[in-house]
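Student: Listed in order, the protein sequences are those of chains A and B. For the first sequence, the UniProt record's numbering begins at 1 and goes up steadily by one. For the second sequence, the UniProt record's numbering begins at 1 and goes up steadily by one.
Fair warning: there could be bad hints in the mix.
Which copy? The list can't say, so a pair holds if one copy fits it or any two copies do.
Here are the simulated lysine to any residue pairs, SDA-like style, with alpha carbons at most 25 angstroms apart [what the hints assert, rightly or not]: (1) Lys284 with Thr231; (2) Lys283 with Val303; (3) Lys117 with Gln128; (4) Lys186 with Arg101.
Hints are computed from structural coordinates only; laboratory data are not their basis.
Number of protein chains: 2
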Amino acid sequence: MSAPTVSPADPASGHADVEQVVTGLARSAKAASRSLAQLTTATKNDVLLAAADAIEAASESVLAANADDIARAEAAGIEESLLDRLRLTGARVTGIADGLRQVAALDDPIGAVIAGKTLPNGLRLRQQRVPLGVVGIVYEARPNVTVDAFGIAFKSGNAVLLRGSSSAASSNAELVRILRETLSDKGVTADAVALLPSEDRSSVTALIRARGLVDVVIPRGGAGLINAVVTNATVPTIETGTGNCHVYVHAAADVELATRVVLNSKTRRPSVCNTAETVLVDKKIAADALPKIAQALQSQGVVIHGDEPGMEPATEADWADEYLSLDIAMKVVDDLDAAVAHIDQWGTGHTEAIITTDLAAATEFTERVDAAAVMVNASTAFTDGEQFGFGAEIGISTQKLHARGPMGLPELTSTKWVVWGDGQIRPA
Amino acid sequence: MSAPTVSPADPASGHADVEQVVTGLARSAKAASRSLAQLTTATKNDVLLAAADAIEAASESVLAANADDIARAEAAGIEESLLDRLRLTGARVTGIADGLRQVAALDDPIGAVIAGKTLPNGLRLRQQRVPLGVVGIVYEARPNVTVDAFGIAFKSGNAVLLRGSSSAASSNAELVRILRETLSDKGVTADAVALLPSEDRSSVTALIRARGLVDVVIPRGGAGLINAVVTNATVPTIETGTGNCHVYVHAAADVELATRVVLNSKTRRPSVCNTAETVLVDKKIAADALPKIAQALQSQGVVIHGDEPGMEPATEADWADEYLSLDIAMKVVDDLDAAVAHIDQWGTGHTEAIITTDLAAATEFTERVDAAAVMVNASTAFTDGEQFGFGAEIGISTQKLHARGPMGLPELTSTKWVVWGDGQIRPA
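One chain only, chain A, in its complex shape (with noise of 0.2 angstroms):
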């Protein structure tokens, strides 16, 4: 195992020894971003890809290093549902260099001008997209994550610090030394991307402690991950992917479209956060759509919360629950302004959806909810990087600063106002 390389904390030592390891790694992440931020597009587009191919050319090695993390993870009684996204294939290596190689082909957010104007004194300002410097993201099971995280951060100019799951940290391991190795032969500072230590929650603390040296946090994973992230961090965080997902069928709906939407937004992926956890059913068109949308759900195995015979009795934890399993909670609701107030009560700001022919409710519906997604007539599925067309995604924002919604290169960076002039001063 080649831990050391990348992370140099000796497993036996204690909290305080992290401490410092994380704070080192911080630092040299910190030196590496200011020449990241000065290297050209082409430069980085060549990391990327010789990135990819070195992955793909040590997939041996790569399957290898996973397959003691399965070991371990089988050793330990972890349910299959893990296992299987903690397992790399060879197929699994290929995407993931695939995936470097789709980041190399995206626009460099970097440099971009996005505003710019002539003072009446002549000062001439534009506004430029800088990298934001440090992130750091903190992660759960899943290895291509690793590599993702790193594609991303590096084509938009930030040292990344990689805190990933320990049921994966052989994988993890081997996959951060082939990037370093990749990013010394090119002549790139390694430090451009480090692992830090898994073994305990200690590393996550000191990385969110980190003032002056990390410039954002990213965690993603579970709620209490999140949440513990959050609250604790002095460093600035977005918070990502909790979804607690609304589908409302609006009295002038579509039954035929609503249950499609509805079956789709469930049933597709019921483990990701942009999965529906609730439909909302107007009481006006309940009788004819309520049994036709339960029974299209519970063929495909889903079970129903809620309060219709042959549901399971609903609490007000089925409004609040983010199952990410096969369960929807479901309700009649008295109009749009009653579906309106249950998502504001119990969403989480990510996807909302109405299902209606009526432009009026639809606009209404848009305007009102507060959410970073609202879909009129489409699955909740829909919101995604790469369904948006970002090309790559480091996760979905449920937070109003900075970004909100699926974030792609161009959430990676901040901004400089450069301003040139010929020695203007300001009167007093």
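Position chain B relative to chain A; hints supplied.
Tutor: Only chain B this time, still in chain A's reference frame:
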């Protein structure tokens, strides 16, 4: 004193009560924010203009409340410069009202579409500006901030929670009373603005921990206040206004121009965050430039901290100090690399300037220096929302997330993706 109408805190009550009061006000603000987001531009402008008139009409009661504050401050022996910031006059009250009229004249950022596309499957996406929701502002003595902050927050569709200085408590209470009365008269929720108790720091603590109710807190004031807010908050924050700004006089500088720009950068208003605090003089030009610049500064009463004869001896603390006074540090540096390294080490990411006639040097400096604003041959005093043509400013962000540099109306907004379809579902 009319504080009870806007801040129902019993001044004799303990911290737990203050927390309850703040949470209650935050909850009301959150509820108000739902309807504020839906106001038309016409309604918002109508309220702003009516509030301006109401403040002018109530000038007498505002000045009487301010006289209370001044009397308390004098009794407490507060220094004259702070008294001046606290003091209102008839002309200053008119200035406050005119500020609201200026905001009414600005473009409404809400509803602006900043991106959009049609996907191959026919889904029509648009990304539109929406309010942040509830904005908290923590600020120091000047009562005009109370009205300015309301104006900017209201025009951008937000509810605002104001936590002003206890020294301005009477002035702030009277101003907020007028604002709330005007809102009610116009049929808009008065909870668009509320003043928090200011007896002690506990209201700040409650505000910055009101997760789920407050969308962002912006501290405006000294470094101590800003640091306390940013490191203890569990809600998102925006750091503002700490400015350790440098002017680097490059080897190829026009010395007369350099002298003029340095003088303006330091002496125009030494107490504001965009004032220059250190001059870095390239050693290749130092023999000529340094005495000329030093003499010009000294002739205006500026005390120079440095290693040359006639200067106050400089220590490391001088490189770190944000003097905010008629003091400046001066240092001879080897070259542009050394200037950039000094700024990397000591700068606060606010405004950095280079004086040079050399295009390559100017370009390299603007690209390499990591700050909200980088000036070429221009005074650091230009980093300002009014100067940049924003029409109004809520502060100058020195962080990289969400907003960087002067913040106007668009910086108090978030975005929402609105997606229109006709039954699209996402393939597996």
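Student: Give the relationship of Lys186 and Arg101 under a CA distance limit of 25 angstroms: within one copy only, between copies only, both, or neither.
Tutor: within (16 angstroms within a copy, 57 angstroms between copies)
Student: Up to 25 angstroms between alpha-carbons, please classify Lys117 paired with Gln128: within, between, both or neither.
Tutor: Both: 12 angstroms inside a copy, 23 angstroms across copies.
Student: Which holds for Lys283 with Val303 at a C-alpha limit of 25 angstroms: within a copy, between copies, both or neither?
Tutor: Only inside one copy: Lys283 and Val303 sit 21 angstroms apart there, 76 angstroms across copies, limit 25 angstroms.
Student: Up to 25 angstroms between alpha-carbons, please classify Lys284 paired with Thr231: within, between, both or neither.
Tutor: neither (42 angstroms within a copy, 51 angstroms between copies)
When the structure is compared with the earlier hints, a violation turns up for hint 1 alone.
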